[in-house]
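Working from the sequences, and respecting the hints, build out all of it.
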Amino acid sequence: MRRLTKPQHRVIASDDTVLVIGRPGTGKTTCGLLKALAKVEAGLAPHQRVLFLSFSNAAVQRIQATIRGNVRAEDAQHLDVTTFHALSYRILRSHGRLAGVRGAVSVHLPEQIRALKATFAGDARSELNRLERDGRLPFGRFVPLVVQLLDRHPSIRDAYAAKFPLIIVDEFQDTADEEVKLLAALAEVSQVVCLGDPEQRIFEFREGVAPDRLERFQREHRPQVVTLTRNHRSGSCDLTTYAKAALGDSSVTGIQSVTVLRYKKADQQADHIKRAIFIAERKARGKKKRQPVTVAVMGISNRFVGRISEHIGNPSDGFEASLRHRVLVLSDELAAGWSVAFKALEHGPTRDVDETTAGVLEQVAQFNFGVQRSPNHDRGRKLMEWAEALRQGALSKKAKSVFKLRDGLASLGTNWTGDPHTDVQRVRHLLKESGAHFSRIVGVLNLRMPVGPGEPATGPLAELFASTGSYYGASAIGDEVLLRERLLDGTRSSGGRTLMTLHKCKGKEFDAVVIVDGMFSDTMVLREEQDAIAQPRSRRLLHVALTRARKHAVIVTPRWPPNPILPAGL
Numbered sequence: 008m009r010r011l012t013k014p015q016h017r018v019i020a021s022d023d024t025v026l027v028i029g030r031p032g033t034g035k036t037t038c039g040l041l042k043a044l045a046k047v048e049a050g051l052a053p054h055q056r057v058l059f060l061s062f063s064n065a066a067v068q069r070i071q072a073t074i075r076g077n078v079r080a081e082d083a084q085h086l087d088v089t090t091f092h093a094l095s096y097r098i099l100r101s102h103g104r105l106a107g108v109r110g111a112v113s114v115h116l117p118e119q120i121r122a123l124k125a126t127f128a129g130d131a132r133s134e135l136n137r138l139e140r141d142g143r144l145p146f147g148r149f150v151p152l153v154v155q156l157l158d159r160h161p162s163i164r165d166a167y168a169a170k171f172p173l174i175i176v177d178e179f180q181d182t183a184d185e186e187v188k189l190l191a192a193l194a195e196v197s198q199v200v201c202l203g204d205p206e207q208r209i210f211e212f213r214e215g216v217a218p219d220r221l222e223r224f225q226r227e228h229r230p231q232v233v234t235l236t237r238n239h240r241s242g243s244c245d246l247t248t249y250a251k252a253a254l255g256d257s258s259v260t261g262i263q264s265v266t267v268l269r270y271k272k273a274d275q276q277a278d279h280i281k282r283a284i285f286i287a288e289r290k291a292r293g294k295k296k297r298q299p300v301t302v303a304v305m306g307i308s309n310r311f312v313g314r315i316s317e318h319i320g321n322p323s324d325g326f327e328a329s330l331r332h333r334v335l336v337l338s339d340e341l342a343a344g345w346s347v348a349f350k351a352l353e354h355g356p357t358r359d360v361d362e363t364t365a366g367v368l369e370q371v372a373q374f375n376f377g378v379q380r381s382p383n384h385d386r387g388r389k390l391m392e393w394a395e396a397l398r399q400g401a402l403s404k405k406a407k408s409v410f411k412l413r414d415g416l417a418s419l420g421t422n423w424t425g426d427p428h429t430d431v432q433r434v435r436h437l438l439k440e441s442g443a444h445f446s447r448i449v450g451v452l453n454l455r456m457p458v459g460p461g462e463p464a465t466g467p468l469a470e471l472f473a474s475t476g477s478y479y480g481a482s483a484i485g486d487e488v489l490l491r492e493r494l495l496d497g498t499r500s501s502g503g504r505t506l507m508t509l510h511k512c513k514g515k516e517f518d519a520v521v522i523v524d525g526m527f528s529d530t531m532v533l534r535e536e537q538d539a540i541a542q543p544r545s546r547r548l549l550h551v552a553l554t555r556a557r558k559h560a561v562i563v564t565p566r567w568p569p570n571p572i573l574p575a576g577l
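Residue numbers for the sequence shown follow the numbering used here, so the first one is 8 and each next one is one higher.
The set of hints was computed from the structure by calculation and includes no laboratory data. Backbone N, C-alpha and C fix where the C-beta goes; we use that ideal spot for every residue, glycine too. Some hints could be false.
As the list claims (entries may be wrong) - In silico lysine to any residue, SDA-like type, Cα no more than 25 Å apart, as pairs:
id	residue 1	residue 2
1	K13	K188
2	K124	E392
3	K251	D529
4	K170	I74
5	K251	L268
6	K188	S101
7	K170	A192
8	K295	D245
9	K271	E536
10	K439	T475
11	K294	T266
12	K558	E516
13	K251	R547
14	K558	R331
15	K251	L533
16	K558	K188
17	K439	T266
18	K294	C244
19	K170	L254
20	K124	S101
21	K272	P299
22	K405	E369
23	K170	E81
24	K411	E392
25	K295	T266
26	K439	S474
27	K170	D158
28	K558	T266
29	K558	A192
30	K439	R388
31	K389	F410
32	K389	S408
33	K271	V259
34	K170	V196
To be verified - Simulated restraints, written as ranges between beta carbons of each label pair:
id	residue 1	residue 2	range
35	R388	S162	48 to 54 Å
36	M526	K170	51 to 57 Å
37	A217	Q399	25 to 31 Å
38	D414	T126	55 to 61 Å
39	A483	E395	20 to 26 Å
Given below as C-alpha cells:
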C-alpha cells in the first residue's frame, strides 16, 4: 500500500458517515480498503464483516483483485465484497417469505421475461406476477423487495447491520434510488462510507442517477465530506490533462501520453485499429520490450465491439496474422446464444436425437422472442412449430435446415472429445452449416464463446464430462454461470488485449487503452446527443475511458466527420 495522504487519514479516523469525492486514480478504493482494514484490526466478532457494495460488477472485481494482492488471508475473511443485487439475492433466499415470496427464490432472466411476453397466450403481466409470488424474480425486483422487507421487519435490518458494522459503497454517483434506500436502511445502525466522482457519472439511465446525486446525499445524511486530489494512477504523465480537456470544449498541445490516429475511409479502420494496439503496447512497455502489458480496446456498443473483434481477428494488408484477444460482453443476446450451445452439448448416445433437436430449436426460438425485435417473432413461432412437429414425427421434409441440424447432432453426440472448448466450436460450426435460421446464434458465439481460457463454464463442463462421459446437465451449469456473471463477476479482468464497450470499462485499470470511434452511428457521441451542442454525457464517458489507462491512450477516429468531443490540438 502507498503512503496515506492527510485526507485519507481523515476518512480512516472518522466514525461518522463519510462521502469521499475524488477524480480517477486519486485512491478512493485504496482509501476504502484501508478504512476496512482499520476496522478489522480494531476488532470484529467472528460473524462480522466489513461490507463493500457497488452496483457495478467491475468495481467488485477491482476491489477483490486489490484484496487478493494486498491483504492477509486472516483479514480478508472479514471482508465481504459484492453488488447490491447479489446482497439482495442472498437476503431474499433467506427471508423471501417475509417479503411475500411463497416459493424458493430463483432468477427470471431478462431474455426469459421477453420470451414469455412474446409467447404467452393469456395475460403476460398476470403470469409474471404469479411467477414472482412463486419465487421467480426479475433482477429489477431484488433490491425493492429487500427495502420493503427491512422496513417491515426492523429486527432483520438490525441483524444485517450488526453483521456489517461498516459499509463502504463504491461508484456512489451511479447508484440508483432503490439502492440508496437499501443503504439508508442499513445506515441507521452501521457506519457508511461512500466513494464517488460526479465527473464519472455515466449511467444516467439508472433510476435516480442525476447531477445532484452527491448533493442530495449531503443534504439528507450530512456526511463528513473528504476530497482526494492526488492522482496515483497516471499522475506522472499528461494523460489526465487530455482527459480533463475532454470534459470541456478546450484544446491541448504537447500531449505525449495520447496518440490520435485518423483514417479517411471506412475500409481503413481495421488496419488503424491494429496499428493502434501495437502503438499502445509499445508505449506501455517503454524500455522493457518483453514486459507483458494489458490493453483495453473499446467501442460504443456491443455490436460495434463485435465488428472490432472481427477486424483484429482477421488478416489484412500489412497485418497478416490475427491478433489474439478476449471480448468482455455479456448482453441478453449473448446469454441466449450461449443457452443454445449448452442445450446442443447435452445430446449423447442415450438421448433421443429428435428431442434434443427440438430443445435446441426451442432455445433458438427463445433467442428470437427474447432478444430480437418483433419482425423476428414470426421466425421464432416457425421454430416452435418445427420443434413440436419433430416431436410428433410430422415434420415436413421441406424443413431441410432442421434435418441437417438433427443429423449433425446425432453425429456429434457419439463423438464428443471431452474438451468443452473444442466441442462448443463444433456446435458452432454445425449451427453455421445448418442454415440462415441459426446465423445470429453463430454471430454471438463468434463474439464470445461460453468456454475457453478464463471462461467460468469451462471447468464445470470438463468435470461433468470426466465424471459422466457426457455433457448431460450442461444447461443447468450454463444457467448457474449466467446467474453468477450477472450478479457478481461478469466483467472479470484478463491480461493481454481485452475488448469491451466504453461503459463496460468503468472501474477497471489497464496499462493502455485504445478507443475506437466509428462512422456515423458508431461514433463515441451517444445517439441521444448527436444533435446536442455540449454533449456532456458523451464527454464524461470519454473522460472515464481515457482515465482507465495508466500509461498511454490511443484514439482511432475518422477524419470526416470529425468527432466534436475530442480536444483539439493532437
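Okay, which hints does this one fail, numbers in order? Violated hints: 1, 10, 16, 17, 19, 20, 21, 26, 29, 37, 38; rest satisfied.
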